[in-house]
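J.: These are the residues of each chain, in order.
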Amino acid sequence: MKLIQSDAPHIRTKDSVRSIMLDVLLALAPAVAVATFFFGWYALFLCLFGAIVGELIEWFIVRVLRGQKDFSFDFSAAVTGLLLAMNLPPTAPWWLLLIGLLVALGVAKHAFGGIGQNIFNPALVGRIFLLISFPTLMTRWVSPVRGFAKSVWDAMTSATALGILKNSGFSAAIQRFSYTDLFFGNVGGCIGETSAFVLLLGFIYLLIRKRVNPVIPATYIGTVLAFASIMYLVNAEKFGTPLFHILSGGLFLGALFMATDMVTSPMTIKGQAVFGIGCGVVTMIIRLFAGYPEGVSLAIVLMNALVPLIDRAFKPKIFGEVKV
Amino acid sequence: MKFLTFKGGTHPPEKKELAKDKAIVRMDPPQFVYVFLSNHAGAPAKPVVKEGDVVKTGQVIGEPGGFVSAYLHSPVTGVVRKIDKLYHPVQGRPMEVVVIERTDEDRWQLLEHSDWETLSREQLLEIVKKAGIVGLGGAMFPTHIKLNPPAGKTIDTFIVNGAECEPYLTVDHRLMLERAEDLVLGVKIVKKILNARKAYIGIESNKMDAYEHLKKVCADSDVEVVLLKTKYPQGAEKQLIYAITQRKVPVGGLPMDVGVVVQNVQTVIAIKEAVVDRKPLIERALTITGEAINNPMNVVARIGTTIQQLVDIAGGMKEDAEKLIMGGPMTGIAVNRLDIPILKGTSGVTVLAHEKEPIKKPCIRCTKCVVSCPMGLQPYLLYLLGNKKKYDQAVEEGLMACIECGVCAYVCPSKIDHVRVIKLTKRVYQALRGGKK
Ligand code: SF4
Ligand code: SF4
Numbered sequence: 027m028k029l030i031q032s033d034a035p036h037i038r039t040k041d042s043v044r045s046i047m048l049d050v051l052l053a054l055a056p057a058v059a060v061a062t063f064f065f066g067w068y069a070l071f072l073c074l075f076g077a078i079v080g081e082l083i084e085w086f087i088v089r090v091l092r093g094q095k096d097f098s099f100d101f102s103a104a105v106t107g108l109l110l111a112m113n114l115p116p117t118a119p120w121w122l123l124l125i126g127l128l129v130a131l132g133v134a135k136h137a138f139g140g141i142g143q144n145i146f147n148p149a150l151v152g153r154i155f156l157l158i159s160f161p162t163l164m165t166r167w168v169s170p171v172r173g174f175a176k177s178v179w180d181a182m183t184s185a186t187a188l189g190i191l192k193n194s195g196f197s198a199a200i201q202r203f204s205y206t207d208l209f210f211g212n213v214g215g216c217i218g219e220t221s222a223f224v225l226l227l228g229f230i231y232l233l234i235r236k237r238v239n240p241v242i243p244a245t246y247i248g249t250v251l252a253f254a255s256i257m258y259l260v261n262a263e264k265f266g267t268p269l270f271h272i273l274s275g276g277l278f279l280g281a282l283f284m285a286t287d288m289v290t291s292p293m294t295i296k297g298q299a300v301f302g303i304g305c306g307v308v309t310m311i312i313r314l315f316a317g318y319p320e321g322v323s324l325a326i327v328l329m330n331a332l333v334p335l336i337d338r339a340f341k342p343k344i345f346g347e348v349k350v
Numbered sequence: 250m251k252f253l254t255f256k257g258g259t260h261p262p263e264k265k266e267l268a269k270d271k272a273i274v275r276m277d278p279p280q281f282v283y284v285f286l287s288n289h290a291g292a293p294a295k296p297v298v299k300e301g302d303v304v305k306t307g308q309v310i311g312e313p314g315g316f317v318s319a320y321l322h323s324p325v326t327g328v329v330r331k332i333d334k335l336y337h338p339v340q341g342r343p344m345e346v347v348v349i350e351r352t353d354e355d356r357w358q359l360l361e362h363s364d365w366e367t368l369s370r371e372q373l374l375e376i377v378k379k380a381g382i383v384g385l386g387g388a389m390f391p392t393h394i395k396l397n398p399p400a401g402k403t404i405d406t407f408i409v410n411g412a413e414c415e416p417y418l419t420v421d422h423r424l425m426l427e428r429a430e431d432l433v434l435g436v437k438i439v440k441k442i443l444n445a446r447k448a449y450i451g452i453e454s455n456k457m458d459a460y461e462h463l464k465k466v467c468a469d470s471d472v473e474v475v476l477l478k479t480k481y482p483q484g485a486e487k488q489l490i491y492a493i494t495q496r497k498v499p500v501g502g503l504p505m506d507v508g509v510v511v512q513n514v515q516t517v518i519a520i521k522e523a524v525v526d527r528k529p530l531i532e533r534a535l536t537i538t539g540e541a542i543n544n545p546m547n548v549v550a551r552i553g554t555t556i557q558q559l560v561d562i563a564g565g566m567k568e569d570a571e572k573l574i575m576g577g578p579m580t581g582i583a584v585n586r587l588d589i590p591i592l593k594g595t596s597g598v599t600v601l602a603h604e605k606e607p608i609k610k611p612c613i614r615c616t617k618c619v620v621s622c623p624m625g626l627q628p629y630l631l632y633l634l635g636n637k638k639k640y641d642q643a644v645e646e647g648l649m650a651c652i653e654c655g656v657c658a659y660v661c662p663s664k665i666d667h668v669r670v671i672k673l674t675k676r677v678y679q680a681l682r683g684g685k686k
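Protein sequence lines, in the order shown, are assigned to chains A and B.
Here the first sequence is numbered in the numbering used here, starting from 27 and rising by one per residue.
Here the second sequence is numbered in the numbering used here, starting from 250 and rising by one per residue.
Isolated chain A (complex conformation) (with noise of 0.2 Å):
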């Protein structure tokens, strides 16, 4: 028997980084199977592919290139790899998605240090460099197949929710998908985005474990629908209704799991919520009035950047600070 000395405090919650991300891949997985009844077999293939070789690279990277002895899997590349296959379409090419590994823990995430370090969100900056990269295979949409064994290179190619709105106007847009489909995933798009149903479902269980808090996304939808509001006061027909915008594309997935991604969002309630209504008028404004029909990823990148200012200016109140 050999007594240790160590600091206070003597005992430590039983949480733990791998015990967090594990709670986000299980809050992910039924949007995993939802994507896989709508796109098939390749689609969960996909994900897995994404979240294996994910946390295999990221052991290359730490344990081989950078020879750290005491790596240990904690799976946050697991949720880096998912994520970011989740942000691809359904017919993404394997390769595709490794390159896109690649760029995501290589480049956005270690070449920032490592876990907690990274500026912008690792799955966000592989989407948008293959987005830049090669758009045509990055926008090959295809409709939902609907059956597990259905392969995705059957289905019929299909523009998504967002891309008929921007060129075709609302009427053609709300002919094609109703909002029974668009809340439950029955449309064209990327594998994980479809439902914001069973996203909210997984979101949902986070908040009951108490792994993240409501913050972010609330004002990040709240401040969509709002600005979606006014907008279709302005002209319906051109820029759709609010509940159209809210159900559409990938800002349930984005305002869910990515914009609360723990390190690279603020770290006071009043800095989320300034970074929710950011993400929310950066997203509007893309989606309306720039060239791509969606902007969610570049809505949250761009709020990332100013996460370091903006921690700056909201901090808690010190109990008891007296207002000098």
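Take these hints with a grain of salt, some might be off.
What the hints assert, rightly or not - Calculated lysine-lysine pairs in the DSS-like style (CA-CA distance at most 27 Å, straight line): (1) A:K341 / B:K610; (2) B:K605 / A:K95; (3) B:K675 / A:K343; (4) A:K40 / B:K610; (5) A:K95 / B:K664; (6) A:K40 / B:K256; (7) B:K497 / A:K296; (8) A:K343 / B:K672; (9) A:K343 / B:K334; (10) B:K637 / A:K341; (11) B:K256 / A:K296; (12) A:K40 / B:K478; (13) B:K251 / A:K236; (14) B:K610 / A:K236; (15) B:K664 / A:K296; (16) B:K464 / B:K447; (17) A:K296 / B:K447; (18) B:K256 / A:K236; (19) A:K28 / B:K334.
No wet-lab data here; the hints were simulated from the structure.
Based on the hints, put chain B with the ligands in the right spot on chain A.
T.: Positioned in the frame of chain A, the structure of chain B with the ligands alone reads:
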């Protein structure tokens, strides 16, 4: 039912069940006691005995060595064997200790004063001082100073801290159950000293039996017993004051700045014993607990009893004992030797079993420490600035307001040692600033 509380904080496992139902037992005085001259915050006492002196239980062996200092009394009847040096757990270095061998049954030297109800507040204060009473919750700040605010500060509220928010510890809980009458009498005395209008006893909701009991005992007094939410650090002075009175002690200020004085349960009982029973402070109740001790219990032990003796009476340590903490697990001090004696402020001895070393990671900015800090600080930032030696900037971010409660390090999934770095940063900053002027 309404629970009073503060913002922030956390819920570590309470572990009170280990010892909360064990009535306090009185330990036989040990053959040797080791009484540190530094048995309180501030300057160590000046010894007034020397080797070979025969002393009675309660006889003064040390006089205050400065303004912030306290009297020291012999805990046993016996002979002063020597004045030695021994590792001091709070100071972290060898300090002077009076070693007394017990040679006889207790022959008391009691304090001398007349019936307390006829005494003035100054006379009562003098008794508290003469009795060597210090904050028994752990801070060990001399009580007579705390009860005597400087001119210009009026105290309208006195709060008894019965929160006992540290996990594992149960001694205050037991005292509130077993010595409620003494506690209430003590409150009366302190109220008189402070000339306070209002007195509260604050108890966490995990001690309902103590709450009910004290409520009954206080039924026809003007002491109000209030229920606090069970949350760490509910018993931290500023958080407790806020929970009960909604007053915020200003940063850098003291409770008296908002008209409040707080004393721990046992300190109040010690005041009663000094004033009514004329007993100086020579013993204290404490909890011996933890998964790795055989028979967790609550005991009354003489000041200067070694940890070895406490561990023995509690049936010894288990095979897998790994950490022995003086105090509780959130703020206590881990020691690696058993020859250390308890101080006036030692509220418990907690022995924890071996645990797998948690995996450390860099900060993932999860915000847990920020939302949990009861002082509204950003612990991750203080840690960062401290490590970068940016002392001034750390101070600007509120470094000095940190109460070292340990919440940030407890909640951190990356297992970052905020508190260690914060304590160090404070010390270095103070040393640097002290050198400049
Ligand atoms: S920074 Fe200080 S006051 Fe805040 S939680 Fe950490 S130890 Fe407690
Ligand atoms: S709790 Fe730990 S990981 Fe979370 S923000 Fe604070 S220091 Fe960083």
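J.: Indicate, hint by hint, whether the structure satisfies it.
T.: Going through the hints against the structure:
{"no.": "1", "hint": "A:K341 / B:K610", "in the structure": "holds (24 Å)"}
{"no.": "2", "hint": "B:K605 / A:K95", "in the structure": "holds (18 Å)"}
{"no.": "3", "hint": "B:K675 / A:K343", "in the structure": "holds (20 Å)"}
{"no.": "4", "hint": "A:K40 / B:K610", "in the structure": "holds (14 Å)"}
{"no.": "5", "hint": "A:K95 / B:K664", "in the structure": "holds (19 Å)"}
{"no.": "6", "hint": "A:K40 / B:K256", "in the structure": "holds (22 Å)"}
{"no.": "7", "hint": "B:K497 / A:K296", "in the structure": "holds (22 Å)"}
{"no.": "8", "hint": "A:K343 / B:K672", "in the structure": "holds (21 Å)"}
{"no.": "9", "hint": "A:K343 / B:K334", "in the structure": "violated (45 Å)"}
{"no.": "10", "hint": "B:K637 / A:K341", "in the structure": "holds (20 Å)"}
{"no.": "11", "hint": "B:K256 / A:K296", "in the structure": "holds (16 Å)"}
{"no.": "12", "hint": "A:K40 / B:K478", "in the structure": "holds (23 Å)"}
{"no.": "13", "hint": "B:K251 / A:K236", "in the structure": "holds (24 Å)"}
{"no.": "14", "hint": "B:K610 / A:K236", "in the structure": "holds (20 Å)"}
{"no.": "15", "hint": "B:K664 / A:K296", "in the structure": "holds (25 Å)"}
{"no.": "16", "hint": "B:K464 / B:K447", "in the structure": "holds (16 Å)"}
{"no.": "17", "hint": "A:K296 / B:K447", "in the structure": "violated (38 Å)"}
{"no.": "18", "hint": "B:K256 / A:K236", "in the structure": "holds (17 Å)"}
{"no.": "19", "hint": "A:K28 / B:K334", "in the structure": "holds (24 Å)"}
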